[in-house]
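Using the hints provided, position chains B, C and D relative to the given structure of chain A.
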Amino acid sequence: MTNEEIKTYITAHTPEATYDEAGEWLTILIESNHLKPLAAVLRGQPMQLDFLFCLTCIDYKTHLTMVYHLTSTSNRNINIVLKANVNIGDPIIETVSDLWRTAEFLEREVFEMFGVDFLHHPDLRRLILEEDFKGFPLRKDFEDPINMIKL
Amino acid sequence: MYTETEIIKDTTNLGPDGELVVNMGPQHPATHGVLHLVVTLNGETIKKIEPHLGYIHRSIEKMCESLTYRQFIYVTSRMDYLSSHINNTACALLIEKGMQIEVPERAKVVRTILNELTRIASHELWIGAMAMDLGAFTPFFYAFREREMITDIMEDTCGARLTMNYIVPGGLMYDIHPDFQTKVKAFVKQFKEKVTEYEDLVTGNVIFQSRTKGVGVLTTEDAISYGCTGPVARASGVSCDIRKIAPYDAYDRVEFDEVIETAGDSFSRYMVRVKEMNQSIRIIEQLIDNIPEGDFVGKTKNVLKLAKGEFYQRVETARGELGVYIVSEGATTPYRIKFRSPGFSNLSVLDHIAKGSKIGDLMATMGTLDLVIPDIDR
Amino acid sequence: MLSLESITKTTQDWLFTKFNPQIALTLECVFVILLAITLFALLGLVLVLLERKVAARIQIRLGPNRVGPGGIFQTAADTLKLIMKEGLTPDTADKFLFNLAPFVVMMVAMLLLAPIAFAKNFQIWDINIGVLYISSVSSLSVIGILMAGWASNNKYSLLGAMRSGAQIVSYELSAGFAVLTIVVLTGSLQISEIVAAQQNGWWLFKGHIPVVIAFVLYIIAVTAETNRAPFDLAEAESELTAGFHTEYSGMKFALFFLAEYINIFIVCAIGATLFLGGWMPLHIGSWEAFNHIMDYIPSSIWFMGKTFFLIFVIMWFRWTFPRLRVDQLLNLEWKYLLPISLFNLLLVTVIAIMGWYF
Amino acid sequence: MGAISLIALLVAAIAFSAGGILVGKILVKGSCNPQKGQVYECGIPTTTSPWHQFNVGYYLFALLFLIFDVELVFMYPWAVVVKKVGIVALIEIIVFIFILFMGFLYAHKKGALKWN
Chain A
1 MTNEEIKTYI TAHTPEATYD EAGEWLTILI ESNHLKPLAA VLRGQPMQLD
51 FLFCLTCIDY KTHLTMVYHL TSTSNRNINI VLKANVNIGD PIIETVSDLW
101 RTAEFLEREV FEMFGVDFLH HPDLRRLILE EDFKGFPLRK DFEDPINMIK
151 L
Chain B
152 MYTETEIIKD TTNLGPDGEL VVNMGPQHPA THGVLHLVVT LNGETIKKIE
202 PHLGYIHRSI EKMCESLTYR QFIYVTSRMD YLSSHINNTA CALLIEKGMQ
252 IEVPERAKVV RTILNELTRI ASHELWIGAM AMDLGAFTPF FYAFREREMI
302 TDIMEDTCGA RLTMNYIVPG GLMYDIHPDF QTKVKAFVKQ FKEKVTEYED
352 LVTGNVIFQS RTKGVGVLTT EDAISYGCTG PVARASGVSC DIRKIAPYDA
402 YDRVEFDEVI ETAGDSFSRY MVRVKEMNQS IRIIEQLIDN IPEGDFVGKT
452 KNVLKLAKGE FYQRVETARG ELGVYIVSEG ATTPYRIKFR SPGFSNLSVL
502 DHIAKGSKIG DLMATMGTLD LVIPDIDR
Chain C
530 MLSLESITKT TQDWLFTKFN PQIALTLECV FVILLAITLF ALLGLVLVLL
580 ERKVAARIQI RLGPNRVGPG GIFQTAADTL KLIMKEGLTP DTADKFLFNL
630 APFVVMMVAM LLLAPIAFAK NFQIWDINIG VLYISSVSSL SVIGILMAGW
680 ASNNKYSLLG AMRSGAQIVS YELSAGFAVL TIVVLTGSLQ ISEIVAAQQN
730 GWWLFKGHIP VVIAFVLYII AVTAETNRAP FDLAEAESEL TAGFHTEYSG
780 MKFALFFLAE YINIFIVCAI GATLFLGGWM PLHIGSWEAF NHIMDYIPSS
830 IWFMGKTFFL IFVIMWFRWT FPRLRVDQLL NLEWKYLLPI SLFNLLLVTV
880 IAIMGWYF
Chain D
888 MGAISLIALL VAAIAFSAGG ILVGKILVKG SCNPQKGQVY ECGIPTTTSP
938 WHQFNVGYYL FALLFLIFDV ELVFMYPWAV VVKKVGIVAL IEIIVFIFIL
988 FMGFLYAHKK GALKWN
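Chains as they are written, first to last, in my numbering: chain A, 1 to 151; chain B, 152 to 529; chain C, 530 to 887; chain D, 888 to 1003.
No wet-lab data here; the hints were simulated from the structure.
Certain hints may be false.
Below, a list of computed lysine to aspartate or glutamate pairs in the EDC-like style, where the Cα atoms sit at most 20 Å apart [said to hold, decoys possible]:
{"no.": "1", "chain 1": "D", "residue 1": "912", "chain 2": "C", "residue 2": "620"}
{"no.": "2", "chain 1": "D", "residue 1": "916", "chain 2": "C", "residue 2": "620"}
{"no.": "3", "chain 1": "C", "residue 1": "864", "chain 2": "D", "residue 2": "958"}
{"no.": "4", "chain 1": "D", "residue 1": "923", "chain 2": "C", "residue 2": "856"}
{"no.": "5", "chain 1": "B", "residue 1": "506", "chain 2": "C", "residue 2": "856"}
{"no.": "6", "chain 1": "D", "residue 1": "912", "chain 2": "C", "residue 2": "607"}
{"no.": "7", "chain 1": "B", "residue 1": "459", "chain 2": "A", "residue 2": "20"}
{"no.": "8", "chain 1": "A", "residue 1": "134", "chain 2": "B", "residue 2": "212"}
{"no.": "9", "chain 1": "B", "residue 1": "198", "chain 2": "A", "residue 2": "24"}
{"no.": "10", "chain 1": "D", "residue 1": "970", "chain 2": "C", "residue 2": "620"}
{"no.": "11", "chain 1": "C", "residue 1": "864", "chain 2": "D", "residue 2": "956"}
{"no.": "12", "chain 1": "D", "residue 1": "912", "chain 2": "C", "residue 2": "615"}
{"no.": "13", "chain 1": "D", "residue 1": "923", "chain 2": "C", "residue 2": "623"}
{"no.": "14", "chain 1": "B", "residue 1": "198", "chain 2": "C", "residue 2": "856"}
{"no.": "15", "chain 1": "B", "residue 1": "340", "chain 2": "B", "residue 2": "326"}
{"no.": "16", "chain 1": "D", "residue 1": "997", "chain 2": "C", "residue 2": "620"}
{"no.": "17", "chain 1": "B", "residue 1": "395", "chain 2": "A", "residue 2": "132"}
{"no.": "18", "chain 1": "B", "residue 1": "364", "chain 2": "C", "residue 2": "856"}
{"no.": "19", "chain 1": "B", "residue 1": "459", "chain 2": "A", "residue 2": "21"}
{"no.": "20", "chain 1": "A", "residue 1": "61", "chain 2": "B", "residue 2": "216"}
{"no.": "21", "chain 1": "B", "residue 1": "334", "chain 2": "B", "residue 2": "303"}
{"no.": "22", "chain 1": "B", "residue 1": "456", "chain 2": "A", "residue 2": "123"}
{"no.": "23", "chain 1": "B", "residue 1": "248", "chain 2": "A", "residue 2": "24"}
{"no.": "24", "chain 1": "D", "residue 1": "916", "chain 2": "C", "residue 2": "607"}
{"no.": "25", "chain 1": "D", "residue 1": "923", "chain 2": "C", "residue 2": "620"}
{"no.": "26", "chain 1": "A", "residue 1": "36", "chain 2": "A", "residue 2": "90"}
{"no.": "27", "chain 1": "A", "residue 1": "61", "chain 2": "B", "residue 2": "253"}
{"no.": "28", "chain 1": "D", "residue 1": "996", "chain 2": "C", "residue 2": "856"}
{"no.": "29", "chain 1": "A", "residue 1": "140", "chain 2": "B", "residue 2": "216"}
{"no.": "30", "chain 1": "B", "residue 1": "506", "chain 2": "A", "residue 2": "5"}
{"no.": "31", "chain 1": "D", "residue 1": "971", "chain 2": "C", "residue 2": "722"}
{"no.": "32", "chain 1": "A", "residue 1": "83", "chain 2": "B", "residue 2": "480"}
{"no.": "33", "chain 1": "B", "residue 1": "248", "chain 2": "A", "residue 2": "20"}
{"no.": "34", "chain 1": "A", "residue 1": "140", "chain 2": "B", "residue 2": "212"}
{"no.": "35", "chain 1": "D", "residue 1": "916", "chain 2": "C", "residue 2": "856"}
{"no.": "36", "chain 1": "A", "residue 1": "61", "chain 2": "B", "residue 2": "480"}
{"no.": "37", "chain 1": "D", "residue 1": "1001", "chain 2": "C", "residue 2": "856"}
{"no.": "38", "chain 1": "B", "residue 1": "459", "chain 2": "A", "residue 2": "24"}
{"no.": "39", "chain 1": "B", "residue 1": "199", "chain 2": "A", "residue 2": "123"}
Only chain A is shown next, with the shape it has when bound in the complex (with noise of 0.2 Å):
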């Protein structure tokens, strides 16, 4: 599949989408709300992307945005960055654990080190951070005065 087969067939699917593609590999940016449906298309036939290979989050300092990059066993040249855009003050986002299995842990991380709440998530506690820590390390607001390097 190229890039423009797979752009028309996810507009059929989701007209919301909007694509870029400077960097690598192609880049979706999706609303919040439309991540579970596209994302099930996206798993599914025919394009099978069935394996999230990585999954994060960037703090933007005016909204944070969801990362997934998503790739398929049976084809490997196709990579797909699917992004989302996530309100700061009130973080939201539904799961995709469901989906991939992998995204249970890494939303766990998620969820620890941005504060992002992710919904219908099997097991959302926390994995790293010790239960009494307060605020949201990978954040960029965050400061911690006497562990943290500064240059």
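Leaving out everything else, chains B, C and D in the frame of chain A:
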């Protein structure tokens, strides 16, 4: 502490079947580091495993946001310390890709050789440690005999034995040691002679086979769904070798096979790693006599600046796919950096494949997942 | 010729002529106590050092070599260290049982010394049911382990104790049946008679294949009974940290440690007695000259040589094999070793009745 | 020596163990720390008590052992006289072992030797 009545009261928070909740780790001989598993047991049978991470979390990702592109590479050696060369290579490759730096052929070949040596060293350590988890102490020393030769080569070349920091954007920090080629050849010779020894000691051992065959079976679908990579996924029949999918450095010009087993149990994970070491030797043999002359580092600016945008680089470490994802705002430091560590995904599968097995099986399963805790925690 | 036999005999005669019988007996008891303690201490030191040297040899390294020539005082230094350690008792433990357990383990190990023939006529008590005595006393050791594991109030200890309970009692059977084969052939339970029966050849050689099978079964069973790798599930350190003695430190731990090695010595000594002729020198049929030369080697050396050979074999196991899993371990006993033992016993009976042995 | 040696050996065992522990107690001045009294569970304070009902798997083996061990004790006197009695003893023990083995097979069939 407890009085007798308290102990009786305490039994109320047990499960209906009188399950036993046992903490394995952070100070446990088999977790190889500070991994904390909360294991729910029914007799000897495991009901649930819950990993608690973070005992060695240094927030490398946050740290890198305030380090320049030249500096942050050295931090990455501390992630998966057994593949520190490969971690460094990933970062260097990403910066080279982002800035279109030409890397001299010599550097590419040397990087490839060092990466493969690192892979062998890592697998050697793993064989020893895993055999120790299963109660056999001796293979550890046999594996370390060869690993020691590699660390000696590393020491000559990089000045360090564990956290090498030898690879810089554009090539290598220094030229290789004059004895590099002879030493590597001597290692290859010895390895080929001695590798049969621990195959005799471990692979053919009846007890070892009965402990690992059919234990911790990971199906192909689960391996894909859980995002497993490296030997763990390849033992389940998933083709995921980044060296084949997206070749970097000199991997596109060497011949080697991607080792794939289909059983998905602990024994096939073991076999994948053993065979992979032989493939690494094959790669080294092809390259060691053909190290091109020339510069060891390309022309780079003193201050590196990545253009605004996003960059992703994947490499194959000894544990699987390491991804480095950088979001750049055009400054001298990355805006956001994310390391997709292979161990994190491989750990997430532990509960799934060890559930229902015995405590002894947990050691075999955990051992063959080859978890390096700093890599998981970052 | 100066032998242990003559020394004991002279001492006894001297004691009984000098003092009245009661005092003489008391003094003899004191000698036995002192000798037993010395033997324990010496065996502990020697066996631990031997283990470390054997391990080092197998693992292509040198082993202890700093304390004393060739590291021979290493274990003495280790013992000193263990004495200097603080012995802790967990607050939540059952303190009485916790402190009692090492004593029980030690007592069992010590009691097993009684019927062992260390040399010709050098035996503390030549009890007429020697073999039965050994079987019964050795099965007591599991009580000490269960006590230690349960009293610690530690989950690893409990699991370890449970495992070793199931394991020791299971392998007790195979060991028992293996011992029984020799009893069938000898027709006596007395150790001295069993040794005497091997005057013209050791049972391992003259008993045909069934005795060889019994010997193999015996070695496997006692390896499991003494909690040695590959059957060291009770203290499987990669699974249960230190198993039943996780909570023990200092001297109490040292006692467990020592008892383990003494038990190895004892089971190997019994194995040597039953299958390899005990202190009996190697005699081959009608080779008079050869037999005569063999007789010149003192009987205590024969005994120790055979025992230490078996100890070496058991150590060799430990450093070569991975550990079994607990269900595999019990399967091995109940599905393979036990039926084989039963069948083997019948085979030996046939041989004994038919007189098909040398 | 007779049975009195057993008492001597018991005394030796107690003297040896108690001596070692006492020497340790005298020589070592322990430091006080409440955490020293905690049970070891990999550095995490233990939450539940291990003193409760436990999986039955182990007990089944203990029960089976009891049966076999009693039989084993019966065999000792038999083993001593088997050579004198001759073929009758052989037949008797075959019957004995057969019955025993049937019981064992029954236990096997019932799944007593299986791990849940």
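20 Å Cα cutoff - pair residue 996 of chain D, residue 856 of chain C: Between residue 996 of chain D and residue 856 of chain C the Cα gap is close to 17 Å, so the pair holds against 20 Å.
Pair hint residue 923 of chain D and residue 623 of chain C, alpha-carbon separation not exceeding 20 Å: Status holds; Cα separation ~16 Å.
Given pair status - residue 856 of chain C, residue 506 of chain B, alpha carbons within 20 Å: The given pair, whose Cα atoms are some 16 Å apart, holds under the 20 Å limit.
Distance restraint between residue 61 of chain A and residue 480 of chain B, which requires alpha-carbon spacing of 20 Å or less: Holds. Residue 61 of chain A to residue 480 of chain B sits at ~13 Å (cutoff 20 Å).
Satisfaction of hint between residue 123 of chain A and residue 456 of chain B, Cα-Cα up to 20 Å: Distance of about 40 Å is beyond 20 Å: violated.
Agreement of residue 997 of chain D and residue 620 of chain C with the hint, judged by alpha carbon distance not exceeding 20 Å: Status violated; Cα separation ~43 Å.
20 Å limit on alpha-carbon distance, applied to hinted pair residue 140 of chain A and residue 216 of chain B: At roughly 10 Å apart (the allowed maximum being 20 Å), residue 216 of chain B and residue 140 of chain A satisfy the hint.
Pair hint outcome, residue 61 of chain A versus residue 216 of chain B [Cα-Cα no greater than 20 Å]: holds (14 Å)
Pairwise hint evaluation, residue 20 of chain A against residue 248 of chain B, where the allowed Cα distance is 20 Å at most: At roughly 19 Å apart (the allowed maximum being 20 Å), residue 20 of chain A and residue 248 of chain B satisfy the hint.
Hint consistency between residue 864 of chain C and residue 958 of chain D [alpha-carbon to alpha-carbon, up to 20 Å]: holds (18 Å)
Residue 916 of chain D paired with residue 620 of chain C [C-alpha distance capped at 20 Å]: holds (19 Å)
Hinted pair residue 83 of chain A and residue 480 of chain B, Cα distance within 20 Å: holds (17 Å)
Against the hints set out earlier in the document, violations occur for numbers 4, 9, 10, 15, 16, 17, 22, 27, 30, 35.
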